[in-house]
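Protein chains: 2
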Amino acid sequence: MKTAIVGTGLIGGSLALALKKTGFASNIIGVDKNPDNLQKAMSLGIIDSQATLPEACQMADLIVLAIPVDAIYYILVEVLDKIHERTIVVDMGSTKSKICQLVKDHPKRQNFVASHPIAGTENAGPEAALVNLFQGKKAIICEEQRSSKPALELAISMYKTLEMNIEIMEPEIHDLHIAYVSHLSHISAFSLGLTALDMAVKEKDMFKMAGGGFSSTVRLAKSSPEMWGPIFEQNNENISAALGEYIDHLIAFKKAIDEGNTTRTKELMEKAAIIRSKI
Amino acid sequence: MKTAIVGTGLIGGSLALALKKTGFASNIIGVDKNPDNLQKAMSLGIIDSQATLPEACQMADLIVLAIPVDAIYYILVEVLDKIHERTIVVDMGSTKSKICQLVKDHPKRQNFVASHPIAGTENAGPEAALVNLFQGKKAIICEEQRSSKPALELAISMYKTLEMNIEIMEPEIHDLHIAYVSHLSHISAFSLGLTALDMAVKEKDMFKMAGGGFSSTVRLAKSSPEMWGPIFEQNNENISAALGEYIDHLIAFKKAIDEGNTTRTKELMEKAAIIRSKI
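For the record, the sequence lines run as chains A and B. Residues in the first sequence are numbered consecutively from 1489, following the numbering used here. Residues in the second sequence are numbered consecutively from 1489, following the numbering used here.
You may find that some hints are simply not true.
To be verified - Think about it this way: if two alpha-carbon atoms lie no more than 27 Å apart in a straight line, the pair counts; the simulated DSS-like pairs of lysine-lysine are:
| # | chain 1 | residue 1 | chain 2 | residue 2 |
| --- | --- | --- | --- | --- |
| 1 | B | 1690 | A | 1692 |
| 2 | B | 1528 | A | 1586 |
| 3 | A | 1690 | B | 1696 |
| 4 | A | 1696 | B | 1692 |
| 5 | B | 1625 | A | 1690 |
| 6 | A | 1586 | B | 1754 |
| 7 | B | 1743 | A | 1743 |
| 8 | A | 1754 | B | 1528 |
| 9 | B | 1759 | A | 1692 |
| 10 | A | 1743 | B | 1586 |
| 11 | A | 1625 | B | 1692 |
| 12 | A | 1690 | B | 1586 |
| 13 | B | 1648 | A | 1696 |
| 14 | B | 1692 | A | 1766 |
| 15 | A | 1625 | B | 1690 |
| 16 | B | 1586 | A | 1692 |
| 17 | B | 1696 | A | 1766 |
| 18 | A | 1626 | B | 1690 |
| 19 | B | 1586 | B | 1528 |
| 20 | B | 1648 | A | 1586 |
| 21 | A | 1648 | A | 1508 |
| 22 | A | 1759 | B | 1690 |
| 23 | B | 1692 | A | 1626 |
| 24 | A | 1625 | B | 1696 |
| 25 | A | 1759 | B | 1696 |
| 26 | A | 1626 | B | 1528 |
What the hints assert, rightly or not - One-sided and incomplete, this derived list gives chain B residues near chain A with beta-carbon spacing under 7 Å:
| # | residue |
| --- | --- |
| 27 | 1542 |
| 28 | 1546 |
| 29 | 1649 |
| 30 | 1675 |
| 31 | 1681 |
| 32 | 1687 |
| 33 | 1708 |
| 34 | 1709 |
| 35 | 1717 |
| 36 | 1738 |
| 37 | 1753 |
| 38 | 1758 |
Keep in mind the hints are simulated off the structure, nothing from the lab. In this text the structure is predicted, and so the values were computed from the model without any measurement. Where a beta carbon is used, it is the ideal one built from N, C-alpha and C, also for glycine.
All chains, please: the whole structure from these sequences, using the hints.
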């Protein structure tokens, strides 16, 4: 199967490595608007050839979009317009409602599978690609009834090849849930980073004391702004609600601390500890 | 050297395992107000014998306090009152100002070394003890000039045996820095847990989508309320300031998202990413 991957960074690069290793694709065509990424992906053996997006639309049987969600939104209609009748397109974006809404009446909607493999690291670019990035993780497919049977089967087969666990859900549910269990975590990390960096301007040695707890909570602050800006934009309502609730919990915590109410801080912590059974 | 460890949970248990493994102490006397912990610590081979606190004060050459900071505050004067002239006491609490203030004029202040090994996990109890918990981490010693030379040398020797990197600093600086690089991280995690759990009441399947990012940011929410409540109480001013600044950053992030200002969210993320060079 001729497979084109649009976006040869962390996600696209990891996909290419895994699809080649498993034999799902013998040959990967890389598409990237960033020529540096393409060159790195070629020299790392992640992709086998490169093409422009219109060329890939002509050549490939499967086109996977592994680019920021604003870029998916920007090119998806053009891609569906240009592909052959049997070409299948799968996106890997971290938001689903706006993307599904965009193409819901497109004549080639059935050629498209809206999906989100929940995998990543805080690093970016082809050199961050990991062959086992997807292994054992969840892959979400949305609006499966709008994809043709062959398109859906191919996407499922690809994710099973990656050893992912597939869940089917509606895009609105996906976007609501992911706001709370991923998008909010990123904003909490970015804001922790900002808070600590502000204080470190005065307190130069402060990071000497940072241990595993700090690293763990702030790690995601290293994530790519190019990827995350558009996610926050496309999922703004859910994220804003989650963030508002998060701020309310922090204000309640601060109030208990300011009042010296340790009974209350302990109650809040006991309640939060129920998360033990969930993750 | 006869070594008593007061508190046989994660920290005290890990210390006991490491001191025995390295031969620093051949025999560990365990002290714990919780008889279950003592029994578990005995049966796991973490401690060799058990004693009451007054007994330990009579028997030991070195007494290490590995208990919550309110308990340290509560027993430290009594311990210094009861020990022999040459007995050395080291505390491992995560706050230092209040504890140092409490004993600054005690006639046996020189027998005491105020310290904080920056190591831990989100788990608690003797069964969570890890022999290499401290390895490669930082140990902070405060007000070193108030400890006698033999006391300071013994504490440093103990931390070096654990392969820790020792830093000397004033208690006020310790408490300020640790608020930003540890205590705040814990509150961010507890509040993330509370936010997600609230939504999960309505959205039962939500945690299906939780991946590595969520786990990483929320892991500390599993930490012991018994340990953390008193830390928040003793370091309340620094934590309240840090938490206030964190909330301000989150509000700024929310405003940018609500306004659809992706240029601004990207700016905030670019700035936060400087944390890359700090951890």
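Against the structure, the hints:
no., hint, result
1, B:1690 <-> A:1692, "45 Å, violated"
2, B:1528 <-> A:1586, "55 Å, violated"
3, A:1690 <-> B:1696, "42 Å, violated"
4, A:1696 <-> B:1692, "41 Å, violated"
5, B:1625 <-> A:1690, "24 Å, holds"
6, A:1586 <-> B:1754, "20 Å, holds"
7, B:1743 <-> A:1743, "23 Å, holds"
8, A:1754 <-> B:1528, "25 Å, holds"
9, B:1759 <-> A:1692, "17 Å, holds"
10, A:1743 <-> B:1586, "21 Å, holds"
11, A:1625 <-> B:1692, "19 Å, holds"
12, A:1690 <-> B:1586, "23 Å, holds"
13, B:1648 <-> A:1696, "17 Å, holds"
14, B:1692 <-> A:1766, "11 Å, holds"
15, A:1625 <-> B:1690, "24 Å, holds"
16, B:1586 <-> A:1692, "24 Å, holds"
17, B:1696 <-> A:1766, "9 Å, holds"
18, A:1626 <-> B:1690, "21 Å, holds"
19, B:1586 <-> B:1528, "32 Å, violated"
20, B:1648 <-> A:1586, "57 Å, violated"
21, A:1648 <-> A:1508, "14 Å, holds"
22, A:1759 <-> B:1690, "17 Å, holds"
23, B:1692 <-> A:1626, "17 Å, holds"
24, A:1625 <-> B:1696, "10 Å, holds"
25, A:1759 <-> B:1696, "20 Å, holds"
26, A:1626 <-> B:1528, "38 Å, violated"
27, 1542, "27 Å, violated"
28, 1546, "33 Å, violated"
29, 1649, "19 Å, violated"
30, 1675, "5 Å, holds"
31, 1681, "4 Å, holds"
32, 1687, "5 Å, holds"
33, 1708, "5 Å, holds"
34, 1709, "5 Å, holds"
35, 1717, "4 Å, holds"
36, 1738, "5 Å, holds"
37, 1753, "5 Å, holds"
38, 1758, "5 Å, holds"
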